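Asks: The primary structure of each chain is shown beneath.
Number of protein chains: 2
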Amino acid sequence: MKHILLAALVLSTLFTTGCKEQTSKEADSSQLQAIFPKGEPGPADHFTGRAWNVGLVNDDTVYNTVIGNVYFEPGARSNWHTHPAGQILIITDGVGYYQEKGQPRRILRKGDVVKCPPNVMHWHGASPDTGMQQMYILPKTEKGIVIWSQKVTDEEYNNSN
Amino acid sequence: MKHILLAALVLSTLFTTGCKEQTSKEADSSQLQAIFPKGEPGPADHFTGRAWNVGLVNDDTVYNTVIGNVYFEPGARSNWHTHPAGQILIITDGVGYYQEKGQPRRILRKGDVVKCPPNVMHWHGASPDTGMQQMYILPKTEKGIVIWSQKVTDEEYNNSN
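Line by line, the protein sequences give chains E and W.
Counted from 1, the first sequence has number 17 at position 17 by the working numbering; the numbering is strictly sequential.
Counted from 1, the second sequence has number 88 at position 88 by the working numbering; the numbering is strictly sequential.
FYI, nobody ran anything at the bench for these hints, they're computed from the structure.
From a predicted model like this one, the values you see are computed outputs, not experimental measurements.
Where hints are given, some of them may not hold.
Any copy will do: because identical chains look the same in the list, a pair fits if it lies in one copy or spans two.
[Said to hold, decoys possible] Taking lysine-lysine pairs in the DSSO-like style, the calculated list, with each CA pair at most 27 Å apart, reads:
1. K151 - K110
2. K101 - K151
3. K143 - K101
4. K151 - K38
Working from the sequences, and respecting the hints, build out all of it.
Replies: What follows is the structure in structure tokens.
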């Protein structure tokens with residue numbers, strides 16, 4: 001009887017551990033849902049930390065729309081920049097930030113949609129602990145795509161006001 | 001010793017079954033990844049079966065872009081239709097179909113991007129057994145949004161050529 005109880009204890013521990021491992025793996029911030037290939041690292045001139053970009057729709061004169069996906073690793077963010085015709089962001093997983101110059105930093109989560117107006121200085125990126133999967137849509141590309149500006153300092157990045 | 005083996009057998013079966021159940025639930029076609037709220041049912045005049053639409057970006061004169069998400073339940077599809085300025089589809093989960101008039105039906109999966117040119121008659125929807133989560137982007141809305149046409153018959157829907 002002692003042996004049966006011992007075997008039961010060992011095996012039920014195995015059972016519990018096996019399923020717990022699966023759960024904690026799913027909750028790991030590095031395990032965000034990826035819909036698209038990771039793509040290529042964004043240039044260090046325009047990003048702090050590691051941001052991966054994949055193009056989904058290239059510019060042409062039929063749609064005049066550029067679409068892509070950026071995966072921001074935790075802590076990564078774009079420089080300050082503007083878009084001559086604005087930009088729409090759609091968050092598909094993770095947690096991140098978006099800030100327009102002179103406005104409070106906003107927290108972004110899965111399902112959030114941001115409309116960034118034309119020529120408004122802004123930046124976006126991941127939160128410090130969790131990455132962010134973010135699609136971007138650039139309309140009216142005949143007006144231009146992006147004008148890059150200076151880096152987002154650690155002070156700016158960490159200022160929640 | 002017999003008892004130990006029996007207990008081991010029973011518990012290892014429990015362990016295996018427990019984890020298998022989790023896997024099969026994840027693979028269930030009704031368990032597609034939903035990024036956005038399900039929204040409202042598409043009108044029966046324009047869809048066969050159940051398709052749920054949620055608007056993400058409404059039309060305006062700044063972006064001239066409409067964005068939304070449709071969840072097609074298995075077997076559901078749009079009518080034939082055209083877009084005066086074209087449409088871009090982005091599949092975020094599931095399996096579905098896209099067909100332009102006179103062209104073979106294409107199979108769509110997570111991560112696929114479709115550019116449907118202006119004024120090209122087409123339809124899209126889910127496969128018979130698995131639903132489809134599909135974002136749509138309508139550019140240049142000053143030219144118009146959609147012109148609806150007749151239903152996709154079962155024969156058209158099931159024709160893989």
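Asks: Determine for every hint whether it applies to the structure shown.
Replies: Hint check:
1. K151 - K110: within (25 Å within a copy, 34 Å between copies)
2. K101 - K151: Within one copy only: 13 Å inside, 49 Å across.
3. K143 - K101: within (22 Å within a copy, 33 Å between copies)
4. K151 - K38: within (23 Å within a copy, 38 Å between copies)
Violated hints: none; the structure is consistent with every hint.
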